[in-house]
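Given the coordinates of chain A, work out where chain B should sit on it, guided by the hints.
The residues making up each chain are set out below.
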Amino acid sequence: MAAAVQPMHDGPGTPTSRWRHFFWDGVLPESLGLCFVIIILSGFAGTYLVAEYLWKQQVVGAQRAETEALAQTLAAALGTVAADEQETGATMLQACGTALEQWRGVHVRALRWTAPDGVLRFSWPPRVPLVAGVPTGTTPDAGAARSSVVTKADVHSRGGAAFGTLEVETTGGVAGARAFVLWNWGIAAAVTLVVFVGFYHRLRRHLRPMVAIERNLHSYASGVEQELLTLTLSESLGVPARGWNRLIEQLVDLQRRLQAAPAAGAAQNILERFESATFRRLVDRLPHGVLWVGENQCITYANAAGAAILGRPDGLVGAALAEVVDNPAVVQTAVAARARAASGLSVDHTRGSGEQESTLRFRAVALADQAGGGDVLITIEDISQLRESQRARDNFLYHVTHELRTPLTNIHAYAETLTKPGFDDEQTRKECYNVLISETQRLARLVEDILSISQMEVGTARFDVGDVDLLRLLRQMVQDNLGAADEKRIDLTLSLPPKVPKIRGDKQRLCVLLNNLIGNAIKYTREGGKVQVALEVAENCVRIGVTDTGIGIAPADQAHVFEKFYRAADDAVQAITGTGLGLALAQEVARLHGGEIHLQSELGQGSTFTVELPMPAAEHGPLAREPAEVTTR
Amino acid sequence: MSRVLVVEDDPHILRLISMWLERQGHDVREARNGLAARELLRAEPTDVLVTDVNMPGLDGLALIEAALAMGHVRRGIVVLTNRWDHGEIRDRLAQWHVHVLPKPFSPARLSELVDSLATAKDGDSPSSVVASEPRPSGSG
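In order, the protein sequence lines correspond to chains A and B.
Per my numbering, the very first residue in the first sequence carries number 1; after that it's consecutive.
Per my numbering, the very first residue in the second sequence carries number 1; after that it's consecutive.
Pulled out of the complex, with its shape left as it was, chain A reads as follows (with noise of 0.2 Å):
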């Protein structure tokens, strides 16, 4: 049984509840039984004290009543014998203290007859004096002083005429009655303390185990008592004691068993939690697979992403491992973990081909501690998103690699060049470094782009966003790009709208989407061929075109146009310096200032590509004023 006893801490917390909780639960019989008793026994005393003292009163009042109305009528009677015969009074007196010595429930324990002029007459019984009167040095009995009465009345004839005062005095039934009432109320006093401490000793025997096992919880939780077997309680306490022990020696036997087989007790906790309703529902929204596989390579369970990747939607409990996955490096992995008791061996499997296929990664952890047996849990995830972001990443610094070296081998050659003899000529030096500035510049702008794009793919790009005036803009765009079409003869026209609104966006950034349009158009036109571009102004919108009559894009090739380093592997573009990397940045341009580029295009026809920008009714503005014009070549 617990030693301590805890306070409260954590007790019923309202004034209502503390009492009920200090009443009802035993509290009170269990600390205050004796205060308790005490209490009752002073009670008791108290209302005897009281009861005796009001019944004393009463008894008191109607003695003293009657021995006025006694002492009335006796001095009337002596009133009138005495005028006659005052012995007469006497003998009367005489006779009537022999008589009235018990009168009407009051005992008459003296009379005396006392002349006007203060002499006594008669006295009976003559060897009692009266209390009130003259002391005769006798101690009267304790009870009878106690309720002594003396009453005085004048004693007249009828005509009138004084014969002294009679005093008369009595003692009634005080003692006797009071011996009465002290005995019933002690009688009824014993038997209501017999009941209560019987009641008293009944209820504490209920509640005591009661008592003792809130201890012993109060205990356990407020971390006082943490070993179990400390929390039994006396079997004498009764059966609850005899219940609550059973209950302690069953929780230390399961945590003795739990203790003595760790693993075996950890994997079944593990399986009753899988198979409880709510590890169920949050084992199956993983997005990752998970199998649980036995020692005997069998799936005892399989959450619900686990059967769909695996295409088992019906369920693969019960299913060997080899026969759901068709690579038997997965159940090697499984094998090895549970020889190994190891965590995080994983296979890759791909499965399927061409578009079909994908990468399922399987990571096998072994549940138990020891090498050499126990289960295995094996979590799959498909990966083809990851493998193919890697391919891609990979692709990307294949081609920068690519196009970096291009440059760098003409600075590279170049360089080396001009430090040979024999090439120090002022023509040669003059060439070398021609073609190192302009290799350089190419490298510079290589560079550039590769980093804007990246930039604005990873969501890093920095945007100085503007108002733009597009008439402005493509007017010096067209004007940048005439000495290339000069170059090759190629007609390079602008029509623009009288009037264009202003777009927001950042300048330098539609710089670069229109000159890689405009530039790309004069690069893979003939010579002698067209290049037009064109503005116009629709609803919600602005679009430029920029149109050619160049070696056009094959179909199966426009749908790759915009990816990164892709060129058509047609000999006319390739025998075309480039780097693939121009309509990719402009379509990440436009998207990023909430437009698109559409293409039209035949192939040996030329091709059209439409940028459209978006112009917010918030945005229009004001409208930039500028006269029609066509600037032609």
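If you're looking for bench data, these hints aren't it; they were derived computationally from the structure.
No experiment lies behind these values; they were computed from the predicted model shown.
Accuracy of the hints is not assured; some may be wrong.
With a straight-line Cα cutoff of 25 Å, these simulated DMTMM-like cross-link-like pairs (lysine to aspartate or glutamate) come out [stated by the list, open to error]:
1) A:Lys488 / B:Glu30
2) A:Lys523 / B:Glu30
3) A:Lys523 / B:Asp59
4) A:Lys523 / B:Glu112
5) A:Lys523 / A:Asp571
6) A:Lys420 / B:Asp27
7) A:Lys430 / B:Asp59
8) A:Lys430 / B:Asp9
9) A:Lys488 / A:Glu431
10) A:Lys430 / A:Asp394
11) A:Lys488 / B:Glu22
12) A:Lys152 / A:Glu167
13) A:Lys420 / B:Asp115
14) A:Lys507 / A:Asp480
15) A:Lys523 / A:Asp464
16) A:Lys430 / B:Asp10
17) A:Lys523 / B:Asp10
18) A:Lys523 / B:Asp115
19) A:Lys420 / B:Asp10
20) A:Lys420 / B:Glu30
21) A:Lys488 / A:Glu612
22) A:Lys56 / A:Glu66
23) A:Lys488 / B:Glu112
24) A:Lys420 / B:Glu22
25) A:Lys530 / A:Asp506
26) A:Lys152 / A:Glu214
27) A:Lys420 / B:Asp59
28) A:Lys523 / A:Glu612
29) A:Lys523 / A:Asp557
To list a few chain B residues with every Cβ distance to chain A over 12 Å, as calculated [unchecked claim]:
30) Ser2
31) His12
32) Gln95
33) His97
34) Arg109
Virtual Cβ for every residue (Gly too), placed ideally from N, Cα, C.
Below, chain B alone, put in the same frame as chain A:
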């Protein structure tokens, strides 16, 4: 004086190689792509073939196949490529025992290599030339 056919689609590289080899006293012929080079080879054999791999039209690998089939390369073949890390290209080049110079390459190293091939003893065929281990920088 040996005849050297240089095939390269980058005009700057083509110009530089020609300049170096001419100053070494070689008779240099230029071609901007594989198709043009094949026509030149068909019309006239060469001592040394210096070619790029990635070219429009007929690429360098197809050009080497055609040259070997024609037997119109007398001394040796030098391949310039920036795709030496490409497995397929590497395997195909290895089977022909050609000399490979990864880009960026050293023009001096190329010039030395062409000189050594051009001065090889008569009767050496391109297939007998041991492939040189490419060096990342190609210097020297």
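Right, here's what the structure says about each hint:
Distance restraint check for A:Lys488 and B:Glu30: the Cα-Cα separation of roughly 24 Å lies within the 25 Å cut-off, and the hinted pair is therefore satisfied. Pair hint A:Lys523 plus B:Glu30 holds up; C-alpha atoms about 24 Å apart against a cutoff of 25 Å. The suggested pairing of A:Lys523 with B:Asp59 holds, with an alpha-carbon distance near 22 Å, which does not exceed 25 Å. With a C-alpha separation of about 38 Å, the suggested pairing of A:Lys523 with B:Glu112 is violated against the 25 Å cut-off.
With a CA separation close to 14 Å, the supplied pair A:Lys523 and A:Asp571 stays within the 25 Å bound. For a cut-off of 25 Å, the pair hint linking A:Lys420 to B:Asp27 stands: about 21 Å separates their Cα positions. The suggested pairing of A:Lys430 with B:Asp59 is violated, with an alpha-carbon distance near 32 Å, which exceeds 25 Å. For the given pair, A:Lys430 sits about 22 Å from B:Asp9 by alpha-carbon distance, which is consistent with the 25 Å threshold.
With a C-alpha separation of about 23 Å, the suggested pair A:Lys488 and A:Glu431 falls inside the 25 Å cut-off, and the hint holds. Restraint check: the Cα-Cα separation between A:Lys430 and A:Asp394 comes to about 39 Å, which exceeds 25 Å; the hinted pair is violated. Taken as a hint, the A:Lys488 and B:Glu22 pair is broken in the structure, with Cα atoms around 31 Å apart against an allowance of 25 Å. Among the hinted pairs, A:Lys152 with A:Glu167 is consistent with the structure: their alpha-carbon atoms are about 4 Å apart, no more than 25 Å.
With a C-alpha separation of about 17 Å, the suggested pairing of A:Lys420 with B:Asp115 holds against the 25 Å cut-off. For a cut-off of 25 Å, the pair hint linking A:Lys507 to A:Asp480 stands: about 15 Å separates their Cα positions. Restraint check: the Cα-Cα separation between A:Lys523 and A:Asp464 comes to about 29 Å, which exceeds 25 Å; the hinted pair is violated. Among the hinted pairs, A:Lys430 with B:Asp10 is consistent with the structure: their alpha-carbon atoms are about 19 Å apart, no more than 25 Å.
Distance check on the hinted pair: A:Lys523 and B:Asp10 sit about 16 Å apart at the alpha-carbon level, within 25 Å; holds. Between A:Lys523 and B:Asp115, the direct Cα distance comes to roughly 39 Å. Violation of the 25 Å bound is thereby established for this hinted pair. With a C-alpha separation of about 22 Å, the suggested pair A:Lys420 and B:Asp10 falls inside the 25 Å cut-off, and the hint holds. This hinted pair checks out: A:Lys420 and B:Glu30 have alpha carbons roughly 23 Å apart, not beyond 25 Å.
With a C-alpha separation of about 29 Å, the suggested pair A:Lys488 and A:Glu612 falls outside the 25 Å cut-off, and the hint is violated. Distance restraint check for A:Lys56 and A:Glu66: the Cα-Cα separation of roughly 15 Å lies within the 25 Å cut-off, and the hinted pair is therefore satisfied. At roughly 39 Å between alpha-carbon atoms, A:Lys488 and B:Glu112 are farther apart than 25 Å, so this suggested pair is violated. Restraint check: the Cα-Cα separation between A:Lys420 and B:Glu22 comes to about 15 Å, which is no more than 25 Å; the hinted pair holds.
The hinted pair formed by A:Lys530 and A:Asp506 fails the criterion: a straight-line CA distance of about 29 Å is larger than 25 Å. Restraint check for A:Lys152 and A:Glu214: not satisfied, since their Cα atoms lie roughly 74 Å apart, outside the 25 Å limit. Taking the CA atoms of A:Lys420 and B:Asp59, the gap is about 32 Å. The hint is violated against a cut of 25 Å. Taken as a hint, the A:Lys523 and A:Glu612 pair is honoured in the structure, with Cα atoms around 23 Å apart against an allowance of 25 Å.
At roughly 17 Å between alpha-carbon atoms, A:Lys523 and A:Asp557 fall within 25 Å of each other, so this suggested pair holds. The claim that B:Ser2 is not at the interface with chain A holds, since no C-beta of that chain comes within 12 Å of its own (minimum 19 Å). Once the 12 Å rule is applied to beta carbons, B:His12 is inconsistent with being away from chain A; the minimum gap is 5 Å. The beta carbon of B:Gln95 is kept farther than 12 Å from every beta carbon of chain A, the shortest such distance being approximately 23 Å.
At roughly 24 Å from the closest C-beta of chain A, the C-beta of B:His97 stays outside 12 Å, upholding its exclusion from the interface. Consistency note on B:Arg109: stated as away from chain A, yet its beta-carbon is not over 12 Å from all of that chain's, at 9 Å minimum.
In summary, the numbered hints that this structure violates are 4, 7, 10, 11, 15, 18, 21, 23, 25, 26, 27, 31, 34.
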